[in-house]
Each structure stands twice: as structure tokens, then as C-alpha cells.
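First to last, the protein sequences are chains A and B.
Counting from 264, one number per residue, gives the positions in the first sequence under this note's numbering.
Counting from 2, one number per residue, gives the positions in the second sequence under this note's numbering.
Do not take every clue at face value.
Unchecked claim - Okay, the calculated bits of chain B under chain A, using three or more residues with CB under 8 Å as the criterion: (1) 41-47; (2) 121-129.
As the list claims (entries may be wrong) - Not the full set, but computed from the structure, chain A residues with beta-carbon under 10 Å of chain B: (3) 296; (4) 300; (5) 309.
Keep in mind the hints are simulated off the structure, nothing from the lab.
All C-beta atoms, glycine included, are put in the ideal place defined by N, C-alpha and C.
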Amino acid sequence: MNGFNRWLLTGALMLALAGCVTINIYFPAAAAEKAADRIIEEVWQLQGSATTPLPANGGAAQ
Amino acid sequence: MTRRIMLCALCVLMFLPLASFAQAQGNLEINTPAIAALQKSMQQRHADLAPLYASGAIGLASDGGVALRDAASVPLAQRARVNALIAAENADRTALYREIARANGHPEWEADIRKTFAQRWIDRAQSGWWVQGAGGWARK
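The shape of chain A in the complex, shown without the other chains (with noise of 0.2 Å):
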């Protein structure tokens, strides 16, 4: 293993360490856009969300 190799290892581990920090604390604003539907849709009794598509990216996936 020569040096430039270690230092690229331990580059991307240090990267996907950082990763793994992030996530943790990342808020996931679609999962909770969904859930928040999920709920309003049972508490107003509503069909589904087919008739108001999430605007931000819900729309094209779905």
C-alpha cells in the first residue's frame, strides 16, 4: 500500500464518517411532508392525495 493510497482510504473514510454524522441529524422534509399527509388526510377524512399532489417533488415520482 503505498502513501497516495492511504491517504485516499482514509480521505473516504473520514468522508463517509462525516456522511453518517450529517444524516443523523438531517431533517428529511419529504418523509415528513408524506407522513403529515397521511395524518391530515385521516383526520379530514379525505381520498388520498390525488387530488393535491405535494408541490415540491412529490408530483413527478408518484
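Following the hints, put chain B in place on chain A, whose structure we already have.
Showing chain B alone in chain A's frame:
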């Protein structure tokens, strides 16, 4: 050979954050007994709240709750009952946002969850209902 293995390991490591990112974008846990109970309580109360939304007496507030918008449209004799309904609904909503944050192991998400709900209650409100935006109350 060693180099090849290391490259593979590198690739896997690079995609690890992406994988957990995708997972974080999945679903929030909302199937707990506490959340179900709050949902049921709010669903039952909605029968009383619906006519008040429709008449414009109350509206969907920008803070994720409900608020008295036009007290004059509520007969004096009814005002205490309406205020109690609003207070009960807001208590349930606050508890709901807190429970969702807790059920997902992130109590600090409560404010973000409240903000998300505030927007979705308003987006999904029926036409004719009053909603509170940046510029004040508006009729949908």
C-alpha cells in the same frame, strides 16, 4: 490486486452516505399508539370544527394550529364552546408534533414537523376555508 480491492472499498465507502441519505428520505414513523390516539381524537373533533372552518369563524393558523379568526360570527352563547374546541385542537396538534418527533428518535425535529404540518394543513384545506399566510388571513 490490492489496488483493485481498495478501489472497490473506496467506491462502497463513497456511496455509504448516499445510501443512508436515501433511507433518511423514506418514511417517518407515525404508527405508534400515542399518535393513533391523537389522530382519533382530532378526527372526532373535526365534526365540530368543520362548520366553523366553513363559516370562517376559525381558520388554519400559520403556526400549525387553529385560531379564532372572526369572533363576531360566533353567537355569544357559543363562544366558550368554540374557544374550548380551539384549545383542545391546538393541544392535540402540539402533542402530535411532539410525538412524531419522539417516535423517530429526534425530539429536536418538533419545530420542523410543526412547520411542515402548518404548510400541509393550509395546502389541503377545502376551498372557502380561511388560512393564515405571510400577509394575514386569506380565504381559499
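- Proximity test - 8 Å, beta-carbon atoms, the segment 121-129 of chain B to chain A, at least three hits: This one holds; 4 residues, not fewer than the three required, reach chain A with a Cβ under 8 Å.
- Have a go at the residue 296 of chain A hint: is there a Cβ in chain B nearer than 10 Å to its own Cβ? The hint holds - residue 296 of chain A has a Cβ within 10 Å of chain B, the shortest such distance being about 6 Å.
- Message: Is the interface hint satisfied for residue 309 of chain A? The criterion is a beta-carbon contact with chain B at less than 10 Å.
- Response: holds (7 Å)
- Are there three or more residues in the segment 41-47 of chain B whose C-beta lies within less than 8 Å of some C-beta in chain A? Coverage by chain A holds for the segment 41-47 of chain B (3 residues, Cβ < 8 Å).
- Message: For the restraint on residue 300 of chain A, tell me whether the closest CB of chain B is nearer than 10 Å.
- Response: holds (6 Å)
In summary, this structure violates none of the numbered hints.
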